[in-house]
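Undergrad: With these hints in hand, go ahead and build the complete structure from the sequences.
Residue numbers (our numbering): 1 to 121.
Among the clues, some could well be false.
Said to hold, decoys possible - Distance condition first, Cα-Cα at most 20 Å in a straight line; then the derived EDC-like pairs of lysine to aspartate or glutamate: (1) K29 - D108; (2) K29 - D48; (3) K94 - D48.
To be verified - So the derived label-pair ranges between C-beta atoms look like this: (4) D8 - T82: 25 to 33 Å; (5) L47 - P13: 19 to 27 Å; (6) R99 - T43: 14 to 22 Å; (7) R56 - G11: 24 to 32 Å; (8) E92 - G11: 41 to 49 Å; (9) T82 - P41: 40 to 48 Å; (10) F16 - T82: 35 to 43 Å.
Because the hints were derived from the structure by calculation, they are not lab data. For glycine and all other residues, C-beta sits at the position ideal for the given N, C-alpha and C.
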Amino acid sequence: ALDALVSDRAGVPIPFNACITGPHAFTHKAGLHTKAVLQDPRTYETLDPAVFGREREVLVAHHLCGRHSVAHRAEELGISLTDAEIGAATRELKATADRQPVSDGELDALLLRHASREAVS
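TA: Here you go:
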């Protein structure tokens with residue numbers, strides 16, 4: 001991309017928070033914020049990331065997550081969770097993420113665990 005070429009030639013890195021070209025320009029993290037973006041991306045994105053060859057990213061594996069982003073991740077994985085399971089998974093994720101980093105793989109395993117608890121009951 002042109003921004004990367006200019007950055008390389010000028011020897012100046014693209015700031016992480018640069019509008020449109022920054023690596024986190026279309027990344028969403030906090031609970032209410034991600035809920036709004038998942039319902040209607042135009043809430044926080046005035047520009048479509050695809051126009052710039054970018055993709056929207058919703059970060060879930062951290063202590064600021066909310067139940068809607070957890071439910072969205074489960075849906076992406078094809079995991080069906082009840083509201084109670086989503087709540088329990090969200091609480092466990094937040095508690096774990098307060099103590100240590102949580103990888104996406106660990107998040108996915110946590111969601112599978114919560115889905116299988118209901119199946120076993």
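Undergrad: The structure should be examined with respect to each hint, and the outcome stated for every one.
TA: Now for the hints, and whether the structure bears them out:
The suggested pairing of K29 with D108 holds, with an alpha-carbon distance near 17 Å, which does not exceed 20 Å. Between the alpha carbons of K29 and D48 the distance comes to roughly 18 Å, so the proposed pair stays at or under 20 Å and holds. Proximity of K94 to D48 is assessed by CA-CA distance (about 30 Å); at most 20 Å being required, the pair is judged violated. One distance hint, 25 to 33 Å for the beta-carbon pair D8 and T82, is violated here, with the actual separation near 50 Å.
Taken as a hint, the range 19 to 27 Å holds for the pair L47 and P13, whose Cβ atoms sit roughly 22 Å apart. With their beta carbons about 31 Å apart, R99 and T43 fall outside the hinted range of 14 to 22 Å. Under the hint 24 to 32 Å, the C-beta atoms of R56 and G11, about 30 Å apart, fit the expected range. Distance hint for E92 and G11: a CB-CB separation of about 45 Å, consistent with the stated range 41 to 49 Å.
One distance hint, 40 to 48 Å for the beta-carbon pair T82 and P41, is violated here, with the actual separation near 27 Å. Range check, F16 to T82: about 37 Å between beta-carbon atoms, so the 35 to 43 Å window is met.
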